[in-house]
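Residue numbers (this note's numbering), protein chains in the order written: chain A, 1 to 135; chain B, 1 to 420.
Since the hints were derived computationally from the structure, they do not count as laboratory data. Quick reminder that beta carbons are idealized off the backbone N, C-alpha and C, glycines included. Take these hints with a grain of salt, some might be off.
As the list claims (entries may be wrong) - Which bits of chain A does chain B cover? Going by a derived footprint, with three or more residues having C-beta under 8 Å, they are:
(1) 14 to 25
(2) 73 to 81
To be verified - Distance condition first, Cα-Cα at most 27 Å in a straight line; then the derived DSSO-like pairs of lysine-lysine:
(3) B/K61 with B/K103
(4) A/K46 with A/K67
(5) B/K47 with A/K67
(6) B/K185 with B/K283
(7) B/K283 with A/K43
(8) B/K103 with B/K63
Each chain, written out:
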Amino acid sequence: MSLWRILVVDDEAGMLRSVERVLSQDYELATTRSPREAVEIAKGFKPNLAILDIQMPDLDGFQLMEKLQAMDPDLEVILMTGSVHELDAKLIRLSEETPSTFFKSPSIERSCSALWKDVSSSSAWIIETENIFCG
Amino acid sequence: MEVRSRIDRKVLEQLRPQDLFYQILHGLRSLTHYDHSSALLICDRDKNVLEVVAEQVAWRKGKSRRIGLKLPLNDDVWMLMHNNMVYGFERGCEGWNEWSGEKSTALAELLDYNNVGEDHPCNLRESSMLCAPLATRDGVLGVLKVAASCPGLFGRYEADLVQRFMPLAAVAIQNSQRTSTLESKMVEAEKKHAVANLLRGISHDVNNALGCVLPLVQQMLADVQTDRLREWTLLQDLEQIEQSLQTCRRIFGGMLALARGANQAGVQANVRRALDSMLAVLKDRLDRQGIRLDVHLGDVMPNVQAGQGDLEQLFLNLASNAGDAMPKGGVLSIMTENLGDSLGIVIRDTGSGISPENMARIQEPFFTTKQNGNGLGLSICRSIVSNAGGHMQIDSEIGVGTQVRVLLPLVRDKGTANTI
């Protein structure tokens, strides 16, 4: 089985760098801070997983997910949010409409390896960035 | 009769206490035809003073210069004020005499604060005075005073009229005391709310900035342990960590400045410092929201007449509002203009704007369009600006944005103005 190809989009340089450093040893990565650029990258890179920050200017994580999944319906998505306390209507709708798994605070590594093992479980995951790198 | 009393009650409920004070004084004038003045004074038991809260002078229109005057209460006067009666006084050759001859002239002497001396034209001097202490079940609230320059103008009949006004005056004072307690409680509540909001935002910002430090350090450690350390990667990691720590330092620096400002009770404030601390705290959040800052501060910014903490809260509230109006990003412009005797501060956003219906209501306390708002932020801003003797003007257009222009009077003493 070939390595997973992961597209990471976060407007915050620090978070992007951390995700990149943690995952780059096990997966093939493409990263960008611009959601618009992400769409362009996806055309050539053809990721099978996208890790997207929810709160981004210009295009938020939900809108970007729609665009990316329109290009590739099989794309797995992990949405990252700084705070689940700021749950908005979209987040609630998403968790109701799609069979997504809601992780309160798994680490990004565990999320990826869980997805890696069981791809069929969900189409969109939401994780909180607060404890994203803690074991 | 019942209808009449209902109207009275309604009027009492609707009127602002200050308006009611003047209604009472006005009513007294048309009934007693006094030719000097009438006044309402409130007791402050903690400070042991009587304060003039309303005064109407027969020959002058507009606000009396005596408003806010505080007269020291002594034990003699305090005793006299516990009697539920109207005292009548006449000025004699050797001072005030009480009609009934009782020893109550201490009250008249205290309330004779308008005394202009014998040399002045007699029509400016109080010769006849009625004093009605306002005693209720809750204690003594204050005193109602009616004065005439024409000797012997007041008699038993006028005293009775004043007596009949006492309950109304007592209600007005009680209302005013309740309103001001309520107002100060509201201000306190809003300040706590603002602090909680600010803390939530900052924790989020700091968490975001620090969030990447730990994993990067862990990765660097792992690289060293597994002998996979590469200079270029190390450099990039360290640069990122440095940047994150700088962000935290800036935010905490802003917080410290804000805390220092809040403890400064002074009467003059440095606008640039207030704007800087506000920006240090909010910048990260605004950045994250995709909001660009466009700041043009004048080179010379003299101090304004406000508390440093108040000014910082004002800017924080206004800039947070602007940020809230631009959830999808935009431009937040901050400008200052030196207008000679005052300083203009303009805070403008390119956000959703305020509809004309809401525009009329945003001044009201408790009006809000925000999900978690309590509708007090702008009321607090207004009170800060008006305490500083300034003005605030809000212009807005739906879909275009909102501009708040605050004008604050400068500290008059040129020596204290600081040039930056």
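The hints, checked one at a time:
1. Beta-carbon proximity to chain B at under 8 Å applies to 6 residues in the region 14 to 25 of chain A; the threshold of 3 is reached and the given coverage holds.
2. Coverage of the region 73 to 81 of chain A by chain B is violated. Counting CB-CB distances below 8 Å, 0 residues qualify, and the rule asks for three or more.
3. This hinted pair does not check out: B/K61 and B/K103 have alpha carbons roughly 35 Å apart, beyond 27 Å.
4. With a C-alpha separation of about 13 Å, the suggested pairing of A/K46 with A/K67 holds against the 27 Å cut-off.
5. Note on B/K47 and A/K67: the hinted pairing is violated, with a Cα-Cα distance of about 69 Å set against a maximum of 27 Å.
6. Note on B/K185 and B/K283: the hinted pairing is violated, with a Cα-Cα distance of about 31 Å set against a maximum of 27 Å.
7. Between B/K283 and A/K43, the direct Cα distance comes to roughly 34 Å. Violation of the 27 Å bound is thereby established for this hinted pair.
8. Among the hinted pairs, B/K103 with B/K63 is inconsistent with the structure: their alpha-carbon atoms are about 33 Å apart, more than 27 Å.
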